[in-house]
Amino acid sequence: MIPLYILLGAVVIFLFWLAGTYNSLVGLRNQVKNAWAQIDVQLKRRHDLIPNLIETVRGYMTHERDTLENVTKARNVAAQASGAGVAAQSQAETVLSQALGRLLVTVEAYPDLKANQNFLALQEELTSTENKIGFARQFYNDQAMQFNNRIQMFPSNFVANSFNFKLAEFFEVEDAAERAVPKVSFS
Amino acid sequence: MINMWEQIRMNRRRSVVLVVLLAIVLMALGYAIAEGVQPGAGPVGVLIATVVWLVMSLVAYFQGDNILLAVSGAKEIEKKDHPRLFNIVEEMTIASGLPKMPRVFIIDDMALNAFAAGRRPDRAVVAVTAGLLGKLNRDQLQGVVAHEMSHIVNRDVLLMTMVGVTIGSIVLISNLFLRGLWFGGRGAHSRRYRSSRGGGNAGGIMIVIAIVLAILAPIVAQFVYLAISRRREYLADASAAILTRYPEGLAGALQLIGGDPTPMARATKATAPMYISNPFEKPGVRALNLTSTHPPIQQRINILRGMAGAVSFHAYDDAVKKVRDKKAGVVPHSALEADQALPIRPPNAEDAPDPRMRMREAGDLVRQMNQFAFIACPCGIKIKIPPDYARPVAICPRCRRKHPIATAKVK
Numbered sequence: 001m002i003p004l005y006i007l008l009g010a011v012v013i014f015l016f017w018l019a020g021t022y023n024s025l026v027g028l029r030n031q032v033k034n035a036w037a038q039i040d041v042q043l044k045r046r047h048d049l050i051p052n053l054i055e056t057v058r059g060y061m062t063h064e065r066d067t068l069e070n071v072t073k074a075r076n077v078a079a080q081a082s083g084a085g086v087a088a089q090s091q092a093e094t095v096l097s098q099a100l101g102r103l104l105v106t107v108e109a110y111p112d113l114k115a116n117q118n119f120l121a122l123q124e125e126l127t128s129t130e131n132k133i134g135f136a137r138q139f140y141n142d143q144a145m146q147f148n149n150r151i152q153m154f155p156s157n158f159v160a161n162s163f164n165f166k167l168a169e170f171f172e173v174e175d176a177a178e179r180a181v182p183k184v185s186f187s
Numbered sequence: 001m002i003n004m005w006e007q008i009r010m011n012r013r014r015s016v017v018l019v020v021l022l023a024i025v026l027m028a029l030g031y032a033i034a035e036g037v038q039p040g041a042g043p044v045g046v047l048i049a050t051v052v053w054l055v056m057s058l059v060a061y062f063q064g065d066n067i068l069l070a071v072s073g074a075k076e077i078e079k080k081d082h083p084r085l086f087n088i089v090e091e092m093t094i095a096s097g098l099p100k101m102p103r104v105f106i107i108d109d110m111a112l113n114a115f116a117a118g119r120r121p122d123r124a125v126v127a128v129t130a131g132l133l134g135k136l137n138r139d140q141l142q143g144v145v146a147h148e149m150s151h152i153v154n155r156d157v158l159l160m161t162m163v164g165v166t167i168g169s170i171v172l173i174s175n176l177f178l179r180g181l182w183f184g185g186r187g188a189h190s191r192r193y194r195s196s197r198g199g200g201n202a203g204g205i206m207i208v209i210a211i212v213l214a215i216l217a218p219i220v221a222q223f224v225y226l227a228i229s230r231r232r233e234y235l236a237d238a239s240a241a242i243l244t245r246y247p248e249g250l251a252g253a254l255q256l257i258g259g260d261p262t263p264m265a266r267a268t269k270a271t272a273p274m275y276i277s278n279p280f281e282k283p284g285v286r287a288l289n290l291t292s293t294h295p296p297i298q299q300r301i302n303i304l305r306g307m308a309g310a311v312s313f314h315a316y317d318d319a320v321k322k323v324r325d326k327k328a329g330v331v332p333h334s335a336l337e338a339d340q341a342l343p344i345r346p347p348n349a350e351d352a353p354d355p356r357m358r359m360r361e362a363g364d365l366v367r368q369m370n371q372f373a374f375i376a377c378p379c380g381i382k383i384k385i386p387p388d389y390a391r392p393v394a395i396c397p398r399c400r401r402k403h404p405i406a407t408a409k410v411k
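If you read the protein sequences in the order shown, they are chains F and Y.
Everything in the first sequence is counted per this note's numbering, starting at 1 for the first residue and increasing by one.
Everything in the second sequence is counted per this note's numbering, starting at 1 for the first residue and increasing by one.
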């Protein structure tokens, strides 16, 4: 009789552990989704701000058509990419960030533009949105790492594999300029 | 931040222990005083002490925020009133993972200070003086807001409120007792002792203990309160550096705040601990450490600037040990365990509006909050009319045009 009770007890404990681990995995996955939704909101906001920015700037920067076009193109690509998954989106957004950065650098040469109230308000909104994207990204990556740790570490990896929990992708912002390091040859 | 909620849970446990300990001191004091005054009345003393504590706690818990806001002269703003401040608070909400953005208030004072209140993260409040909005650039303002919101995230407000209430009760009861002794005179007590049966000796000892406790308890409690307050300030500085990933922002802000001689119009000793910088600290005068609610500003600046390379609680703790030349750090274990290093980000591009326009905006904000009227003169300047201006006409100082007051628009 006793061995039977022990066996029953072990089974019960195992079931509890199973349920607990599964629930915590689900909870973490939802946190990751929530954190991603935060980023998504900010990214969309940035997409919405850009046409306004282009219009305000176009009148002053008549010779910078290429820069403006780049920004518009990048923005459209990024807007299309939303919903295509974390990796695709993060790449499109990186391109957009770089295009925007170049545009804002060229703005420095136009003092009357810098004094325009509309432009100032827009710039504040853009700066804030960039910051929010940065912070939301930080937060999302933290949640993703926590989730991935749980999936990959022993012993919760058994539960994760049995129930098909997938690893979360990180929202990386790659600096393409950094990758293209010029090669110096001394030959 | 990873595991921030676990951090908070650990803090809560420790804080509860602390408040319980202080409450025990309070009960002991009540017991001793009651026993000293009338042997056998110990439990009544405990009861009275408990009632006092409960009443103060309830008031502080439910109305503390509103009282603080009313006393400091803060007015709530929406996004359109000051988009930059609003945006910064929003950014910090995202960075810290708070569930809801705190309400944002502006204090119509040109001094440089800020505070945060809110017993729960979803009912929080952040207030900033107009002077701060005028003097600080975006990174520095972000650092200040991050510091205040760290207080909310770390549940410092709740802790300091409960500790403050408990200590307040201790001080109150001790004062009442000692004052009663003083005025009641020994005569009344001797009569009581002579007419009581037995327990005469016990009464004598108890009263001595009661007096000693009544004198010591408030002093010790005050020191404990101040020590806790200082530690929490360090932790908030560290959390702010990590949230913004830019310690120089807060360091620069503290430098400007510390160097500014303008006193705050409405700070009192009771509300001083809530502000980011001790409103009574005079620049250049090194306040005696033990009696201050905040660590010395210069030390805080040096610690923040001593964090090199990466931001993390470890980096902050190391900087603290170096600057204070002591072996013990100030960051609690729970924070060090859940720690991870983040790279420092580059500063934000120097922002528009330029500093002069920023000051002008801040001044206008204060005047607006104080019911000034604004008239836009065609020659380009904005005439600002105080609410008590009695004449029917305002004369433009530049072009000498006359503006009838009926057309004044109160924004």
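In short, the hints are calculated from the structure, not lab data.
Given the structure is predicted, the values throughout are model-derived calculations rather than measurements.
Heads up, a few of these hints could be off.
[Unchecked claim] Derived DSBU-like pairs (lysine-lysine); straight-line CA-CA distance at most 30 Å:
{"no.": "1", "chain 1": "Y", "residue 1": "Lys135", "chain 2": "F", "residue 2": "Lys114"}
{"no.": "2", "chain 1": "F", "residue 1": "Lys114", "chain 2": "Y", "residue 2": "Lys100"}
{"no.": "3", "chain 1": "F", "residue 1": "Lys33", "chain 2": "Y", "residue 2": "Lys382"}
{"no.": "4", "chain 1": "F", "residue 1": "Lys33", "chain 2": "Y", "residue 2": "Lys79"}
{"no.": "5", "chain 1": "F", "residue 1": "Lys114", "chain 2": "F", "residue 2": "Lys166"}
{"no.": "6", "chain 1": "Y", "residue 1": "Lys100", "chain 2": "F", "residue 2": "Lys44"}
{"no.": "7", "chain 1": "Y", "residue 1": "Lys79", "chain 2": "F", "residue 2": "Lys114"}
{"no.": "8", "chain 1": "F", "residue 1": "Lys44", "chain 2": "Y", "residue 2": "Lys382"}
{"no.": "9", "chain 1": "F", "residue 1": "Lys33", "chain 2": "F", "residue 2": "Lys114"}
{"no.": "10", "chain 1": "F", "residue 1": "Lys114", "chain 2": "Y", "residue 2": "Lys80"}
{"no.": "11", "chain 1": "Y", "residue 1": "Lys382", "chain 2": "F", "residue 2": "Lys114"}
{"no.": "12", "chain 1": "Y", "residue 1": "Lys384", "chain 2": "F", "residue 2": "Lys44"}
[Claimed, not checked] FRET-style restraints, in silico, Cβ to Cβ:
{"no.": "13", "chain 1": "F", "residue 1": "Phe14", "chain 2": "Y", "residue 2": "Val51", "range": "49 to 55 Å"}
{"no.": "14", "chain 1": "Y", "residue 1": "Pro83", "chain 2": "F", "residue 2": "Ala37", "range": "41 to 47 Å"}
{"no.": "15", "chain 1": "F", "residue 1": "Ser24", "chain 2": "Y", "residue 2": "Lys384", "range": "57 to 63 Å"}
{"no.": "16", "chain 1": "Y", "residue 1": "Glu361", "chain 2": "F", "residue 2": "Glu55", "range": "43 to 49 Å"}
{"no.": "17", "chain 1": "Y", "residue 1": "Pro83", "chain 2": "F", "residue 2": "Val12", "range": "53 to 59 Å"}
Ideal Cβ placement from N, Cα and C applies to all residues, glycine included.
Checked against the structure, which of the hints given earlier come out wrong?
Numbers 2, 3, 5, 8, 9, 12, 14 and 16, in rising order.
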